[in-house]
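Student: Take a look at the letters that make up each chain.
Protein chains: 2
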Amino acid sequence: MKIAFDEQGLCPCVIQDWNTGEVLTLAYTNEEAVRLTRETGELHLWSRSRNELWHKGATSGNVQKVRALRLDCDGDALLALVEPAGPACHTGERTCFFTGDLEPPAPHEVLPALERTLAARKAERPEGSYTVQLLDDPALTGEKVREEAEEVTRAAREETDDRVDNEAADVIYHLLVLLHGRGRTLADVEAILDARSR
Amino acid sequence: MKIAFDEQGLCPCVIQDWNTGEVLTLAYTNEEAVRLTRETGELHLWSRSRNELWHKGATSGNVQKVRALRLDCDGDALLALVEPAGPACHTGERTCFFTGDLEPPAPHEVLPALERTLAARKAERPEGSYTVQLLDDPALTGEKVREEAEEVTRAAREETDDRVDNEAADVIYHLLVLLHGRGRTLADVEAILDARSR
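The listed protein sequences correspond, in order, to chains A and B.
Taking the UniProt record's numbering, I'd label the letters of the first sequence as residues 1 to 198.
Taking the UniProt record's numbering, I'd label the letters of the second sequence as residues 1 to 198.
Note that these hints are calculated values from the structure, not bench results.
Note that the Cβ used here is the ideal one computed from N, Cα and C, for glycine as well.
There may be inaccurate statements among the hints.
Partner residues are not named here, just some residues of chain B that face chain A (Cβ under 8 Å, in silico) [as the list claims (entries may be wrong)]:
1) His108
2) Val152
3) Asp161
Work out the full structure: start from the sequences and follow the hints.
Tutor: Structure below.
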């Protein structure tokens, strides 16, 4: 991978969440930072404002484990796919891109948001929450998954597109609750689907 | 949204696929390109190599419909969420970032890849394909969705994590085939899940 650093020895680096696909930050890297990233497995950058090497998260603890480094067609932009230990932004936001057109979320942002909600329900256990009731009762959750599977099947056979979408949403919601109840996540299932496609 | 253009009047712009979350390109924009993007709804950029305004896809036909523009915490990087009419890269690749660590794919890349496979099977109908058999037989697909829903329920109750993941993968695969057989996609279902979360 031959990186075309610019006249200042820098290369822009798009930082993307490995699991969710969320773009977290646009930052800059240089040869030394790329070397340290490869050596340590944690994201190193070049801070243009402080004019120094920057081990992302060294101060805050929110380091980013690098799972993949990719280069663009011109060789002058990097994509780092990372598992962040915490918020990527110095403001405490999960991503630096929290301004502008946020609503509605992009389709690809919906399942990650749902999984964050499930994890929060599991941790905080708010009273009266249907999700908490399901997480506590795997038999009920299983019954719902089976029931919704029947309903989406019927919808696909003879009902409107809107009904199909709604019943499929029911299957996915209950299936994700079932997974989280077992301490599993969609990423675990995605690894299986990927392995099968080979 | 107050963009902090650099001393050359430019701002880097991360271009991301609205549906799949795939990072397509890192490019540059300026005030005029942002204005044209807002006016037309199609991505306009500034070409640093040609030193001119660049209506993305004007020549190739692979324009990019802009669904959202977001700005980062420092105001000096844009994120454009787009629906591309075709490959984003001048090489014909779907994304410009096709070099480096591509395998295994990131978890968030797996369902979009599966949906592309389903769409290809539907279009090309290769002989002996199980997916084609399912797409042609909604009753069989429905039966499989229900069967796998039962199996994931049993797995969640009494089997290993690996069994849970595998059975959940079966549910998702068959559910996506059911959706594609009806001309629906995961994005349609994600829109429902998002609406419910409000």
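Student: Confirm or reject each hint.
Tutor: Now the hints, each set against the structure:
1. His108: holds, 3 Å
2. Val152: Since the shortest Cβ distance to chain A is 7 Å, the answer is holds.
3. Asp161: holds, 6 Å
In terms of the numbered hints stated before, the structure departs from none.
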